[in-house]
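Construct all of the structure, not just a fragment, from the sequences and the given hints.
Top to bottom, those sequences are chains Z and S.
According to the working numbering, the first sequence is numbered sequentially starting from 1.
According to the working numbering, the second sequence is numbered sequentially starting from 540.
Because the hints were derived from the structure by calculation, they are not lab data.
A hint or two may mislead.
Stated by the list, open to error - Derived DSS-like pairs: lysine-lysine, alpha-carbon spacing no greater than 30 Å straight-line:
1. Z:K344 / Z:K486
2. S:K611 / Z:K226
3. Z:K490 / Z:K274
4. S:K570 / S:K636
5. Z:K226 / Z:K70
6. Z:K18 / Z:K486
7. S:K723 / Z:K226
8. S:K611 / Z:K180
9. S:K570 / Z:K180
10. S:K611 / S:K668
11. S:K570 / S:K723
12. Z:K226 / S:K668
Spelled out, the chains give:
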Amino acid sequence: MDAHVSTGNYLTQSHGWKSWLFTLDHKRIGVMYFFTTMLFFAIGGLFALSVRLELLTPGQTIMSMENYNKAFTLHGAIMVFMFIIPSIPAALGNFFLPMQIGAKDVAFPRLNLFSYYLLLIGAAMAIIAIIQGGVDTGWTFYTPLSIRTAAPVVWVAGGVFIMGFSSILTGLNFIVTTHKLRAPGMTFHRLPLFIWAIYATAIIQVLATPVIGITVALLIAERVFKIGFFNPEYGGDPVLFQHFFWFYSHPAVYIMILPGMGIISEVIAVFSRKHIFGYKAVAYSSLAIAFISFLVWGHHMFVSGQSELASKIFSWITMFVAVPTAIKVVNWAATLYRGSIDYKTPMLYALAFLFLFTIGGLTGLFLAALSVDVHLTDTYFVVAHFHYVMMGGTVMGLLAGIHYWWPKMFGRMYPETPARISCALIFVGFNTTFLPQFWLGHLGMPRRYWDYLPQFTFLNQVSTFGSWMIGAGMLLMFIYLLWSLKNGAKASANPWGGKTLEWQTSSPPPEFNFDYAPVITEGPYEYGVKSHEEARVGS
Amino acid sequence: MSGAHTTSSGSGTLHVHHHFDSAEQQYQSSKLGLWLFLVTEVLLFGGLFVAYIIFRVLYPDAFHEAHVFLDKVMGTTNTVVLITSSFTMAMAVRATKMSNRAQANLCLIITLLCGAAFMVIKGFEYSHKFHEGLLPGGLFTNTEIHAPAAKLFFSLYFMMTGLHGIHVLCGMALITWVLVRNMKGQFDAEYYTPVELTGIYWHLVDLIWIYLFPLFYLIG
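Next comes the structure, spelled out in structure tokens:
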């Protein structure tokens, strides 16, 4: 291997829009994914604010019933397919997977750029659907409504198909990269836990996403050619659609959470200045979660009319996914114990994750229990549960990762005080928005309803107020992050004292990541281990 | 095996990209990437096979009544054509590995012709179905078949053979691209990765047809 002497860093080594749009550098592709997915997050968030605004009062507040159906559908579809599934893997994963394993790029850089363009094309198709009036089926597109509605389902379904391929190709790229491009000495058991998480995620992406591909293809064929698989008129079965849909969409939620968990492992170790307790348990639990995730899709269908036996089996297996998940949470807590905690913003988000994700996970048990689920299904309890795990989990993980890696990506520190204010607003706002929704669901308020009983008004208003706090916190965050790109304090190579490879090179990194090829002689979290203090990067 | 250097006397265009340490690492990465992609293809078709199994179990009589309307002769011919094309594709890969450019060209051309023959026969089959009103679900107009679920049989038939046909076309496009590059002298014993990967993809396309053929044409 030769030493690469690069001029400047990956941001400055070439200029002009062509050098970005035709780049093959995983770091630039990661940055483009980052800004794109954050834009989609903002759009999905605006739809969320509009949904909550409508629910400020019973009856009509700002929009009709039909538009409300479109608003929550677009909120869900944009957040799921255009934000939460791509964001951590394609933005942070793209940037840091090669760096953390000591590679110069991913295995297939051109495929990487192609994946990004697929996301844009799929998103454009979804936007066309919005311009044509939007879709009102819910993000789950259940038949028969999705077949009969006049809404532009084909555009959204087509967009999902294309974006699915973006996800598949990213996962494929990451699996090959992890297997083939690790630097000398980087054995699997020395990999940072973020890599284990991204790797497990990539396996799910490759195995599960083709199934949503064929599902939306069948939905399109159903609308265009009336193939009848889901239409009882021709002998088909609408519940078959639900089986197809959830066979992907349940593993998909683990595509969403696993990368966030990977970031939490990194941040907790670094900001406790301590090795991760139970490294192998945390590493293998990612694989266990990926495996179990394929076996439980029917827990979304307890009241669909599927057989009682099937429901019982799905309920039983679903309980098992709590085991590797709890292993992670317990090991993180054990890592904090007697650590030297540094309460910087990444750590604040990681602590928020521990609290919020635990609530989300525990409420998942209520829903996994078959008899309880029959009462809670399609109520606000479910809405609260998945927002606690997806937003209280994944988004907190994403925000932790953004702040943790911001200095490395852009060579600038974010301003700590506004960041803490933003974190507080988001944390308090989040609980204000979603904690009441557990109660609302328990009281029987259905989800996806434009109207509600008068006795639910107060809790809905609290929830809407919470959404404004989240909005304020996010807005503040966008402002100070953008501000810091030009005005933030210049970052050193390793402002946090991290021990993973990305911190052994400059901030921002040079074009080919390392000026000297790294040789790995120890694990990623060897704090307080005397013999290997400085010797991580050999030449 | 691909060597770790570009040959000065040979005519191939082995180029080790900057992020790989050796040609061998690049080659193995490409192969792993392609096999992972094949896994996704199996899962894509897998959903359709699951639908087939479900509807077959639900409506065995309809499937029995409907399947006789498929032309076994054309189906069998197509099967022989595709298996032959897999053989010639394998020969093309072998020829490239032995730096026999002319033989590789010939084998690739025959493979392409087989693929074209497959699509032409498919075209005849489809147009016959349109003629008879044997169409998917809601477009079905045939009056000879009485079982209502026969519509589902033809929905499955068109979805699965149609998706397969799209993959045959993609495979033919890949083979054409490889053929053009081979004619330009870009492949030899040292560098044959695109030829081999295209071959593996083509074998999968053949394999999927091997499953489709008995499920639709043979079992009653």
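Honestly, which of those hints from before does the structure not fit? Of the numbered hints given earlier, those the structure breaks are 7, 8, listed in rising order.
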